[in-house]
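Q: Here is what each chain is made of, one letter per residue.
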Amino acid sequence: MSIKKEEDIQKVKKDFEEYSNLILIQLKFLQKIIKSESNIVPDDIFKEIKKHEKEIDKFEVKVSEKVINTIVLHNPVASELRQLMACYRMSVNMERIGDLVLNIVRYIKKIEDTKLYTDFIDAIDNILLSSIGMVEKALLSFANDDIEYAIWTIKNEEIVDELNHSFIKNVIKKTYPKEKSQAKLSTFLTMKSIVSNIERIADNATDIAEATIYSLEGKDIRHKSIKKIDKEIDNITS
Amino acid sequence: MNEAITEIKDPILSINNLSISYGTNGNFAVKDVSVDIKKNAITAIMGPSGCGKSTLLRGINRMHELYSNTETLGNIYLNNDDITKINPIKLRRKIGMVFQRPNPFPTMNIYDNVIAGYKLNGIKIKKTKKDEIVEQSLKDVALWDEVKDSLFQRGTFLSGGQQQRLCIARALAYKPEVILLDEPTSALDPIATSRIEDLLVQLKENYTIILVTHNMSQAARISDYSIFMYLGELIEYGKTKNMFTNPVDKRTEEYLTGKFG
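These protein sequences, in sequence, are chains A and B. The numbering used here puts the first sequence at residues -17 to 220. The numbering used here puts the second sequence at residues 351 to 611.
There's no promise every hint is true.
Where chain A lies over chain B, by a calculated footprint (3+ residues, C-beta under 8 Å) [as the list claims (entries may be wrong)]: (1) 592 to 598; (2) 601 to 607.
Computed list of lysine-lysine pairs in BS3-like fashion (alpha-carbon distance at most 25 Å, straight line) [to be verified]: (3) A:Lys(-5) with B:Lys609; (4) A:Lys201 with B:Lys589; (5) B:Lys600 with B:Lys554; (6) B:Lys591 with A:Lys201.
Simulated from the structure, these hints should not be mistaken for lab results. Ideal Cβ placement from N, Cα and C applies to all residues, glycine included.
Bound-form chain A, shown alone (with noise of 0.2 Å):
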């Protein structure tokens, strides 16, 4: 085997584990500010979120770049290609995430009304939770070639979309037909758009987990439908 290309390699990994807990950090950010219930976000906390998100961006870019140079100039194959192209779609993905979190933050700024707010925090907390739970294992599951962390992930995606829909649901039969001032409504919308922000996450755990599977099993499973998705997992397991 090539020095120089295994070094290579390593370097792409190692960016990639940093990048990783970055991501990590962010989210755990997120969980912290949801927790205190409140829509007043600490000004030093949210100079460190900015700060990380700009060291995300840049990480995107590096990885991305690392992952084309080794390709152009060991041409690797089989699994080592394989897991440079994960590296490659999950940084796409982990950069989305953040800009998530920094979306997010900037919602919870903006409520209104801080008591429909806190009625509804529990709900968001949860969702919050299923998410950054599917990111950890979804990125554990690259990092320790996994392959059931990124199976659970996957399969975990329906419950945050089915925590999603009833929290909408939930939220609407609250709030309507009772009065609806501007301030009600403008919350609610913004808890909407944090709620759909936080399932976002979930979606780009999912990419990050189907990235894993193709690294460890050369299987390509995007945009097949959770039948098929079953199909082929077993297929891996069996």
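Could you slot chain B onto chain A? The hints should help.
A: For chain B alone, coordinates are given in the frame of chain A:
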């Protein structure tokens, strides 16, 4: 069926349980190889040194029998005909071979080199027919324009790449069905290599090509199917793109990623 072996419909060549040994000591260079070769495709045979690639290739047109004390078990069928029942000379017309080092006959001119197969086997053909064969064969290897004004000069003045194309023209002159090439570009510079590779890709429209190569990138660039051999055995056979992205056998994966070989 071994999931590392691809099934081919209507193969031009069927190799069944082929084993070849040089000598009677029971050491087989090729061990129980079974594979079907797809018509009008390029099949690359890869593997580390000493894995039996060249022996397998030579077995296909019985060139290995030129060595003494070879033992052959199993069968090979060309278009459903058992090759052991075909006269070896006739067989080698149907299955031509090109070697690693370009080897135009040094005492013959370019014209005679192309038509050498007919001459050496005592096959008499009219001059007009010879001219036609020489021109077409040289055109097929994109050498005609370069040598048409020096057909009666010796081929040894040509560059390495041109000599190798001349050798391929010599094989084509016989209108074979299959062309075997044993590391045909390993002695050539990158530009000449590239021209030979382009030529092979064009030729596969009319011929079946089997190529032994040490160069994995070459196999990836031009072959449709790849065979991986190790210690005389066929480990994996499949579409090149699948083998290079997702090999089935761990040994194939390790060879392709450079862990051995």
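Q: May I ask which of the numbered hints given earlier this structure violates, with the numbers listed in increasing order?
A: Per hint list: single violation, 5.
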